[in-house]
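*Asks:* Chains as they are written, first to last, in the numbering used here: chain A, 1 to 394; chain B, 395 to 554; chain C, 555 to 797.
No lab work stands behind these hints, which were simulated from the structure alone.
Possibly wrong hints are sitting among the right ones.
With a straight-line cut-off of 30 angstroms between C-alpha atoms, the simulated DSS-like cross-links for lysine-lysine are [what the hints assert, rightly or not]: (1) 487/B / 700/C; (2) 662/C / 354/A; (3) 662/C / 455/B; (4) 472/B / 700/C; (5) 474/B / 618/C; (6) 487/B / 618/C; (7) 499/B / 472/B; (8) 432/B / 770/C; (9) 738/C / 348/A; (10) 470/B / 447/B; (11) 474/B / 700/C; (12) 770/C / 499/B.
Beyond 12 angstroms from chain C on every Cβ pair, some chain B residues (computed) [stated by the list, open to error]: (13) 440; (14) 452; (15) 460; (16) 461; (17) 475; (18) 498; (19) 539.
All figures in this text were calculated on a predicted structure; none of them were measured in a lab.
No residue lacks a Cβ here, since even glycine has one placed at the ideal position from N, Cα and C.
Now for the letters of each chain:
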Amino acid sequence: MHVPVEGFMYPNEIELQWSVLIVLYPFITGLVAGAFILASLERVFNVQAVKPTYRLALLTALAFLIVAPMPLQLHLGRPERSFEMYLTPHRTSAMAMFGFVYLWYLLGVLVVEIWLEYRRDIVELAQSSAGPKKWLYRALTLGSYNVSERALKIDDKVGWIITVIGIPSAFLLHGYVGFIFGSIKANPWWSTPLMPVVFLFSAMVSGISVVMLLYMLTCRLRKRPINMPCVDTIAMYLFYTFLIDFTLEMVDLIHRIYEADESFRSLDFMVHSKLYFSQIMLQIGFGTIVPLVLLAITQLVNLPEAIRKFAYSIAGVLTLIGIFAMRWNVVIGGQLFSKSFLGYTTYKMGFVTKEGLLPAIVLSILPFVILWVLVKVLPPWYEEARLAQAAHGD
Amino acid sequence: MKDFKDAGHLFRLAAVFAAVFLIFLLVRAALVPKGFGKYGHFRAEAIAEAMDKPLNYAGHKACEDCHSDIVEVKSKGKHKGVNCESCHGPQEKHVEDPGSVVPAKLETTSLCPRCHTANAAKPKNFPQVIPEDHSGGVPCDTCHKPHTPVIEAEAAEVKK
Amino acid sequence: MSMTRRHFLLLTAVAAAAWDSIIAGTPEAASTYNMTDHWYGMLMNIEKCIGCGSCVRACQLENKVPDGYFRTWVERYHIEDWTVENPTVDSPDGGKNGFVELKETGGKNFFVPKLCNHCADSPCTQVCPVGATFHTPDGVVLVDGKYCLGCRYCIQACPYGCRFLNPATNTAEKCSLCYHRITKGLTTACCENCPTGARQLVDFKNPNDPIHEFLKTHSVQVLKPYMATKAKVYYYGLDGSVR
Numbered sequence: 001m002h003v004p005v006e007g008f009m010y011p012n013e014i015e016l017q018w019s020v021l022i023v024l025y026p027f028i029t030g031l032v033a034g035a036f037i038l039a040s041l042e043r044v045f046n047v048q049a050v051k052p053t054y055r056l057a058l059l060t061a062l063a064f065l066i067v068a069p070m071p072l073q074l075h076l077g078r079p080e081r082s083f084e085m086y087l088t089p090h091r092t093s094a095m096a097m098f099g100f101v102y103l104w105y106l107l108g109v110l111v112v113e114i115w116l117e118y119r120r121d122i123v124e125l126a127q128s129s130a131g132p133k134k135w136l137y138r139a140l141t142l143g144s145y146n147v148s149e150r151a152l153k154i155d156d157k158v159g160w161i162i163t164v165i166g167i168p169s170a171f172l173l174h175g176y177v178g179f180i181f182g183s184i185k186a187n188p189w190w191s192t193p194l195m196p197v198v199f200l201f202s203a204m205v206s207g208i209s210v211v212m213l214l215y216m217l218t219c220r221l222r223k224r225p226i227n228m229p230c231v232d233t234i235a236m237y238l239f240y241t242f243l244i245d246f247t248l249e250m251v252d253l254i255h256r257i258y259e260a261d262e263s264f265r266s267l268d269f270m271v272h273s274k275l276y277f278s279q280i281m282l283q284i285g286f287g288t289i290v291p292l293v294l295l296a297i298t299q300l301v302n303l304p305e306a307i308r309k310f311a312y313s314i315a316g317v318l319t320l321i322g323i324f325a326m327r328w329n330v331v332i333g334g335q336l337f338s339k340s341f342l343g344y345t346t347y348k349m350g351f352v353t354k355e356g357l358l359p360a361i362v363l364s365i366l367p368f369v370i371l372w373v374l375v376k377v378l379p380p381w382y383e384e385a386r387l388a389q390a391a392h393g394d
Numbered sequence: 395m396k397d398f399k400d401a402g403h404l405f406r407l408a409a410v411f412a413a414v415f416l417i418f419l420l421v422r423a424a425l426v427p428k429g430f431g432k433y434g435h436f437r438a439e440a441i442a443e444a445m446d447k448p449l450n451y452a453g454h455k456a457c458e459d460c461h462s463d464i465v466e467v468k469s470k471g472k473h474k475g476v477n478c479e480s481c482h483g484p485q486e487k488h489v490e491d492p493g494s495v496v497p498a499k500l501e502t503t504s505l506c507p508r509c510h511t512a513n514a515a516k517p518k519n520f521p522q523v524i525p526e527d528h529s530g531g532v533p534c535d536t537c538h539k540p541h542t543p544v545i546e547a548e549a550a551e552v553k554k
Numbered sequence: 555m556s557m558t559r560r561h562f563l564l565l566t567a568v569a570a571a572a573w574d575s576i577i578a579g580t581p582e583a584a585s586t587y588n589m590t591d592h593w594y595g596m597l598m599n600i601e602k603c604i605g606c607g608s609c610v611r612a613c614q615l616e617n618k619v620p621d622g623y624f625r626t627w628v629e630r631y632h633i634e635d636w637t638v639e640n641p642t643v644d645s646p647d648g649g650k651n652g653f654v655e656l657k658e659t660g661g662k663n664f665f666v667p668k669l670c671n672h673c674a675d676s677p678c679t680q681v682c683p684v685g686a687t688f689h690t691p692d693g694v695v696l697v698d699g700k701y702c703l704g705c706r707y708c709i710q711a712c713p714y715g716c717r718f719l720n721p722a723t724n725t726a727e728k729c730s731l732c733y734h735r736i737t738k739g740l741t742t743a744c745c746e747n748c749p750t751g752a753r754q755l756v757d758f759k760n761p762n763d764p765i766h767e768f769l770k771t772h773s774v775q776v777l778k779p780y781m782a783t784k785a786k787v788y789y790y791g792l793d794g795s796v797r
């Protein structure tokens with residue numbers, strides 16, 4: 001395959017090493033971290049307005065977390081050796097820690113928190129359902145049917161502790177992804193201490209957007225009215241986190257322009273040529289400024305409900321596109337220029353190849369399929385129904 | 395123990411985790427390659443494996459053991475620093491079995507210009523020519539002996 | 555509670571067994587070669603390089619390097635005048651078949667041979683998640699092709715572009731400083747075949763190595779010194795324009 005090169009690349013640099021799958025990976029973990037932080041708003045910071053999305057946010061985080069390592073696995077030259085990461089993790093490698101941060105977050109935080117949150121439902125479902133479903137729920141109870149008030153109170157307390165631990169863990173999970181890039185001194189496009197922070201805030205932005213969109217979508221699918229105070233609150237949080245995220249990204253950009261170190265001319269040229277569409281247009285223009293303006297309007301002007309819903313949906317979708325573009329620009333952009341700063345290569349994405357567009361699309365859809373299954377097994381609105389029933393009974 | 399009565403399910407969860415962790419440790423102990431960590435964070439055997447890769451170039455000492463006559467000739471000429479395999483190619487197979495593996499005869503028309511074609515980036519004191527202008531396709535070894543490339547008559551001329 | 559305690563005891567036993575298997579190691583390959591007696595690097599003399607590509611060809615034949623990838627390569631620099639920051643550089647097929655004369659031959663022109671710098675503080679080994687690339691006790695950075703995952707983090711981390719993914723094995727690869735040769739007392743394939751002696755394998759721990767005399771009397775430089783990798787390939791006559 002002939003790859004067009006402009007100027008001079010070191011001969012081994014012409015081929016890109018990290019493909020669209022590695023773009024997908026920080027995007028997906030970002031959604032996990034963001035969704036979890038939204039869930040913890042309700043739990044730790046007691047933001048009651050977002051309660052309707054609490055369980056959905058947890059399940060969303062889990063669904064995406066299950067998919068997160070798949071693009072990595074698929075990308076490896078020798079996927080069958082990935083377990084070595086657990087056998088002989090190299091202490092000095094940021095990447096080696098992934099396995100552990102990931103496992104900790106999956107098993108130590110998310111699964112435990114979801115289990116504690118759903119335990120009462122699981123016990124009830126184990127008693128009420130039949131067939132294989134009954135067996136599934138019975139397994140999930142771990143043999144304990146104790147849902148006494150005291151037990152539930154203990155669960156609530158432990159759940160709170162887990163969430164408190166979970167917030168720094170979520171920060172770690174995504175901050176570390178930023179660190180993987182930010183700590184590569186060989187690559188000036190990546191090497192900045194701001195990278196983990198920018199990744200973190202963009203993660204929160206994307207996670208909040210995806211939960212907001214999913215909540216509105218599930219309401220529509222279930223033909224239930226959307227809880228507007230809830231969505232309004234989420235949109236407000238989205239707006240403010242996005243503002244911080246945008247500020248950080250601009251600080252980084254201005255700093256680079258002002259410092260103009262030896263890599264600047266090369267990187268500047270890249271942003272104005274190869275990355276113009278994905279960086280200036282998609283990431284900054286349509287993906288950041290437009291949704292920020294939309295959200296700002298909803299904050300400033302009293303708009304009718306229908307228009308707000310519409311504005312939120314558009315802003316949410318654009319935000320996700322913008323954050324995806326940001327991941328693209330970091331991962332792909334960081335490999336388009338030569339470390340000699342004398343030339344540029346081209347990324348040629350395959351379609352039906354191991355690291356092509358098709359597996360990327362499949363892996364983007366997969367979390368939603370998993371979420372659908374999770375929602376079927378552990379309905380987020382079970383409690384809502386129970387509360388409604390209780391209110392009816394009164 | 396009364397305090398733990400309603401937290402029994404948490405202990406069950408902890409037991410599940412402990413079991414998983416135990417299995418992990420067992421699997422890990424079984425799978426970590428032998429010798430890992432002996433010299434550092436890597437498979438010690440990888441060093442021996444790297445040492446055992448087969449040779450292709452035998453090295454000039456191997457050539458010189460047998461071809462002392464050539465060494466003698468070469469030591470007087472401009473090419474004394476050029477090792478044998480640089481022109482003759484990898485000869486480990488020839489060293490192992492000199493009888494049946496015979497090095498190919500070299501074609502100087504294409505061989506010599508590899509080094510001696512004029513190029514602005516070459517050191518100025520390095521002898522370089524534009525081959526077409528210099529010999530017009532006549533093989534280099536018509537005039538130059540590759541092992542002592544300076545033409546003897548010319549060298550004598552310079553000495554006078 | 556007793557169950558937890560039993561688990562704990564079991565765990566420590568397993569951990570101890572795991573640790574034993576780690577430190578036991580394997581018997582060393584029988585050889586008179588002593589790794590700790592050497593510390594390898596290379597010396598490049600820019601003023602001697604004629605850009606013939608012998609080193610590149612020799613390396614590819616010796617180490618079965620796949621086409622289009624390079625464990626060593628040669629670059630040609632062309633600098634018009636005082637614009638040191640704007641050199642024109644090329645390396646057609648890694649310089650494997652030499653260089654065709656440029657149209658513009660004015661200004662300053664020279665060749666720069668490159669290979670893995672066998673950095674003592676190498677960013678590539680730092681980032682390897684599993685320990686598939688490492689420093690040998692004699693100062694060579696190697697890749698364990700049987701253990702590499704092919705995650706390519708090392709390729710990203712190398713400031714000099716020395717690494718690539720071998721498409722045949724799907725594992726990272728780079729210059730091994732001909733470890734199979736130098737441990738037998740031979741020099742590397744590139745040094746063996748360099749017709750002008752522009753590249754010399756050096757052993758810093760050998761007191762008789764000419765490198766010591768050379769370093770006393772010549773100014774040398776490493777590539778990208780600001781990367782602070784403790785590169786062990788020294789260049790004599792290196793121009794400031796070289797990246």
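*Asks:* With reference to the structure, classify each hint as holding or not holding.
*Replies:* Verification of the supplied hints:
no.: 1; hint: 487/B / 700/C; result: holds (27 angstroms)
no.: 2; hint: 662/C / 354/A; result: violated (46 angstroms)
no.: 3; hint: 662/C / 455/B; result: violated (38 angstroms)
no.: 4; hint: 472/B / 700/C; result: violated (45 angstroms)
no.: 5; hint: 474/B / 618/C; result: holds (28 angstroms)
no.: 6; hint: 487/B / 618/C; result: holds (16 angstroms)
no.: 7; hint: 499/B / 472/B; result: holds (21 angstroms)
no.: 8; hint: 432/B / 770/C; result: violated (37 angstroms)
no.: 9; hint: 738/C / 348/A; result: violated (43 angstroms)
no.: 10; hint: 470/B / 447/B; result: violated (35 angstroms)
no.: 11; hint: 474/B / 700/C; result: violated (41 angstroms)
no.: 12; hint: 770/C / 499/B; result: violated (44 angstroms)
no.: 13; hint: 440; result: violated (4 angstroms)
no.: 14; hint: 452; result: violated (8 angstroms)
no.: 15; hint: 460; result: holds (17 angstroms)
no.: 16; hint: 461; result: holds (16 angstroms)
no.: 17; hint: 475; result: violated (5 angstroms)
no.: 18; hint: 498; result: holds (14 angstroms)
no.: 19; hint: 539; result: holds (16 angstroms)
Checked against the numbered hints above, the structure violates hints 2, 3, 4, 8, 9, 10, 11, 12, 13, 14, 17; every other hint is satisfied.
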